[in-house]
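Visitor: One-letter residues, chain by chain:
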Amino acid sequence: MNIDLPELSFVVLIGVSGSGKSSFARKHFKRTEVLSSDYCRGLVADDENDQEATGDAFDVLHYIAGKRLKNGLLTVVDATNLRPEDRRQYVRLAREYHCLPVAIVLNLPEKLCHERNRERPDRDFGPHVIRNQRMALRRGLGRSGKGLRREGFRHVWVLDSVEGIEAVTVGRTPLWNNRKSEHGPFDIIGDVHGCFDELIGLLEELGYAVHRDESVPTGDWAVEPPTTDAGPPRTAVFVGDLVDRGPNSPAVLRLVMRMVAEGKAHCVPGNHDIKLLRKLSGKNVQITHGLAETLEQLDGESPEFIEQVRQFIDGLVSHYVFDDGKLVVAHAGLREEMQGRGSGKVREFCLFGETTGETDEFGLPVRYNWAAEYRGRAMVVYGHTPVPEADWLNGTICIDTGCVFGGKLSALRYPERDLVSVGATAVYSEPARPFLPTDSTAALSAQQQHDDMLHLADVVGKRIIDTRLQRNVTVREENATAALEVMSRFAADPRWLIYLPPTMSPSETTQRPGLLEHPAEALDYYRHRGVDEVVCEEKHMGSRAVVVVCRDSDAARERFGVTTGEFGICYTRTGRRFFDDAELESAFLGRVRDAAGQAGLWDDFDTTWLCLDCELMPWSAKAQALLRDQYAAVSSASRFALANVVPTLRQFASRPGNDEVNGLVDHYEGRRVAVEKYTDAYRQYCWSVESLDDLRLAPFHLLATEAGVHVDQDHVWHMSTLAKMAEHDSLLMATSHRVVALTDEASCDQAIAWWEDMTGRGGEGMVVKPRSFIARGRRGLLQPAVKCRGPEYLRIIYGPEYLSPEHLDRLRNRGLRHKRSLALREFALGLEALERFVRREPLRRTHECVFGVLALESEPVDPRL
Amino acid sequence: MLLQIETTHRPATDLGYLLHKNPAKLQSFDLSFGKVHVFYPIATEERCQVAVLLDVDPIGLVRGRRGPSGNNRSLDQYVNDRPYVASSFLSVAMNKLFATAMNGRSKERPELVDRPLPLKATLSVVPCRGGEELLRRLLEPLGYTLTAERHPLDERFPEWGEGPYHTVALEQTVTLRALLQHLYVLIPVLDNDKHYWVGEDEIEKLLARGESWLRTHPEKDLITTRYLKYQHRLTRDALARLASEDDLDPDATEHEHDVEEEEIEKPLSLNAQRMGSVLAALKASGAAQVLDLGCGEGNLLRDLLKEKQFARIVGMDVSLRSLERASERLKLERLPDMQRRRIELMHGSLIYRDERLAGFDAAAVVEVIEHLDPPRLRAFERAVFEFARPGTVVITTPNREYNVMWETLPAGTLRHRDHRFEWTRAEFREWAERVAESHGYAVRFLPVGPVEDAVGSPTQMGVFER
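For the record, the sequence lines run as chains A and B.
Under my numbering, residues 185 to 1049 are what the first sequence spells out, in order.
Under my numbering, residues 512 to 977 are what the second sequence spells out, in order.
Everything labelled a hint here was simulated from the structure, so no lab data went into it.
Just to be clear, a hint being listed does not mean it is correct.
[Claimed, not checked] Taking CB as the label site, the calculated pair distances span:
#1 R845/B / T357/A: 54 to 62 angstroms
#2 N614/B / A809/A: 19 to 27 angstroms
#3 E839/B / R655/A: 40 to 48 angstroms
#4 A922/B / D878/A: 40 to 48 angstroms
#5 P1047/A / E619/B: 30 to 38 angstroms
[As the list claims (entries may be wrong)] Below 30 angstroms or equal to it, Euclidean Cα-Cα: the simulated BS3-like pairs (lysine-lysine) are:
#6 K861/A / K740/B
#7 K607/B / K731/B
#8 K842/B / K646/A
For every residue, glycine included, the Cβ atom is placed at its ideal position computed from N, Cα and C.
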């Protein structure tokens, strides 16, 4: 006998002690697929035969079984499972996870089992035990397993002999809905409802060739998929509800049936189709909601055709999972946990969706918006509920655009995600509930309305974020916890936060005397990793700022879902608003926007918004508290502390015999000079800001526009594109930079000389970037940028007196590894956030990455790097 | 950091005998955090001055240091003021240099130990955020004539204002031992920080150096509290040993900003009235399962726990540190099981939808909304009224109109540094009524605290019922 198991079965072995269940399980299933009650007894009691542990053992068994079924794994229970009450739990579990419960019964003669048990030292129970077990088994089994089917087992196999058991083979069949190996491309077509003319129109719009096949007497329509240059032909997928309400359901059925038969289309059933099936199968159904029209139209059809229709609908599978699980098509949509599963509940959901149990003012059931909670990876395309416009929500889309109600018939091209529609030529039916929007100025898309509220569960806890640049960036729970506080208390509206900048590592510590950092190490870093050209950019000493600016507030509403009338934002590296003063911010953004317009950026990128990575000067504009509490405070304290020391020491030294303190005098004189230089260093970056004209914004990355995330452009492009903006407004400044050929010594020397000159004049230093935005070396992603700071600037970082030899030697001992790993992870997350935003993914998907950057920032790393 | 002590006692050079440090030599000593040099810039018959020059290693402070990270984690930064100011580092150095003198012993001049001498001490940089006023409050009761010069943060940027640093000179005819003891205790008190962990033995140090003069000092509470780094239990013990007859409540001090706010509101004991009103509203609602959203350090939770009516109490806050303190203050670890099961603390945020908050009878949101940026209020409204959707919601927030009643609050400023707004009664009413209407609640308003005709009560409360 061959036992053909559905691939996702919950297999319950049934048989008395000694009937050979464990051997059977070992022979036909993977070790990890089998859950044995004996083994679980051992787990909880250290004794596989301890009957007192049975309760705990089964708790463990059920728990593990539940987890396996949830994860979509075939699972086998190896226990006697003789009584209905033993088995009830399994049927319940299988239903909970939409798997098929099946039973395999090993029904061997009592004597044989008893003999087998006698041979095993650990089973010293008397013959009455087996006898009782067999009686229980027979009671439950019923005639040829009927009793078990009544309990809910979908398949039952009873094996009555040793030979039979020996001869059995076990196979596995994929579920009907599993079409993961079909990769498309697909054209998924919404609810047709007998609108035959519009269907033909849509197919032609999609590029299908449609013609009458005169070779058959009924004059069927034949459809040929669009001719493609390469790859497999396109396949149509119908989301169901082919019939009812519309003018020509039989023609629609005929066309779709033929396409399906020829392998040119798939079809899932809709609730209307199923109701028709029930009617055709002689069931008593209410002739409502357009069924009457269908029946009337079918009246003229031959009994053969009607029988074909019945068989066709009867054979439809509730839903399909395509393209390695990336696409799911079901009539009313499908929750993640039901995708690719088979159960009555799954089928119900596919046909009717979910209702809240209430009815609305039109007497229709109120639908529960399952898509609002959808978090699955698969795209779900569905129909069932007429909507005025097909609109994405959390990776799902309803493409029933109410053709039969005078709307349009829509199709979604997959994987292109393009929508194609043809308008209805008539209103064939009046909807009970008007589906066209009463308010034609619906301001926000469904996704934007949904995104108004983010879920805590989407950001907290340990998270693993899959980014394009780096697989699986892990955010640890405690870091997410820290980020939650910052995000909640200080950050701007998440809709604006489409990016947070990564941290930047310094170059390797130099061994050159009197320096901690020098450009040679930065250049070496890239050269040693196979980069031939870098761009050295002047490092501005201000505060990192991200500027998002839209052409106008309409664009902000349309693209960002921001309805406050703002048209942009300027925020810090932790997502805080840069300006407390809304008027000042608006004036500032207005100037950035105008400069972008004058530079032609809106047209060049055909965009209504752009996102810039910038430095905003002066430092003192944002870092007031830091300056006052730390930098100026230390300057003040140190200068007054050291002012009197040298004179006091000299007083002592002036007395005869005390000249041995001259060394100390020099030491303190050196310290005094150091704190003066320190004071000069931070003062350079401070000036009073009375108006907008005192600010300077230096953008260095044009991160993204509607045209995409511009990481495919190199840094020379970014510099020159942004320099165009700076020409139009003195608020903006272009960043001076040099392209350096790393294998040309003269070129490198010039870069070093440039750095020496800049830092000698008090500049912070420079940033060295590989010419291309994203650079990879043999061991993966390279640092997107490495900074190299000047010796005077570093006084603000390492303290006024860090250059004293006794200090410098100790400071050279610093590890960059963690900082660099952090920089890469944040870089990957930041760009991922932008890419998700550009792809118009739900806000939570962008927010997840932005939140991740903030969380990573709470990892402890040497703050001076 | 330079400390100079000088005397005009004749012969002035007796100072060297009292300090057990020879005026002719410069002596240097190693300390765990650097070095200290002692020398005498002036050493004549008429005038003798000793200089203590503290040389704290700024790199060593950050690297390989064990101990607390200081106020604002200043000790984690290379750029910090510690190497330059009078702080607990100086007290440790003084103990190393002058322990014998502070203990009142002198081998060569025992007769001078208890004799008041004309002394003047100069400290180059004393950090004291309380300003000259605090310096006077602490030092003048001890008899000193004080000159203090407060320094600007940066003379280039006068708009940044003054810093916390003062050059201070003290003069008095006093025993050298007393002067050293006063400095030893009061320097870290003025600085209000310690570079080492404060434990039980800190009480012994305080008593050894301060018992004789602290007992009668009018600021002994402040001195003790600060010296023991606000550790209430230690403070209580120390004060008890200083003066048993005084009755005081050392639990008075709280978080710094909260103190600020409380100070302003103190004469009304508003906080207690607020908690009472919220509790009353929750009880009246008949709720069994209650949420305290933004529970902070658990003020309300403590009251809720005392009421049997509340079978399930959940406190939520966005600050993990507040939750930890709440857990400590409520002694959650030590509650009996039956009590422990009633209460739960959770970390969360009011601007995200949180499934854990659904299904409660009532929620209190006490002095929370004013900490949210106005643009984020909408998310708060939806999270609470649309998704958590408790039967009753009690919200309190300051009434800005009342602020004019507080003399200590400068006009136009808010009560707490983190308040993003404070509403008038009309503003609160407008917001609350809109929120109630759009989510199917009815709202009524109640004043909390004394009602003044023109300006209403200091706190306003809205009770929303579904």
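Visitor: How does the Cβ-Cβ distance of P1047/A and E619/B compare with 30 to 38 angstroms: does it lie in that range?
Guide: For P1047/A and E619/B the Cβ distance comes to about 52 angstroms; the hint is violated.
Visitor: Take a look at whether the Cβ-Cβ distance between E839/B and R655/A falls inside 40 to 48 angstroms.
Guide: 41 angstroms, holds
Visitor: Return holds or violated for the Cβ distance of A922/B and D878/A against the range 40 to 48 angstroms.
Guide: 29 angstroms, violated
Visitor: Please check whether N614/B and A809/A have a Cβ separation lying inside 19 to 27 angstroms.
Guide: 43 angstroms, violated
Visitor: Is K607/B within 30 angstroms of K731/B, Cα to Cα?
Guide: Answer holds: K607/B to K731/B is near 25 angstroms, not above 30 angstroms.
Visitor: What's the verdict on K861/A and K740/B, does the C-alpha distance respect the 30 angstroms limit or exceed it?
Guide: 35 angstroms, violated
Visitor: Is 54 to 62 angstroms respected by the C-beta to C-beta distance linking R845/B and T357/A?
Guide: 60 angstroms, holds
Visitor: Is the straight-line distance between the alpha-carbon of K842/B and that of K646/A 30 angstroms or less?
Guide: 28 angstroms, holds
Of the hints listed earlier, those the structure fails to meet are numbers 2, 4, 5 and 6, in rising order.
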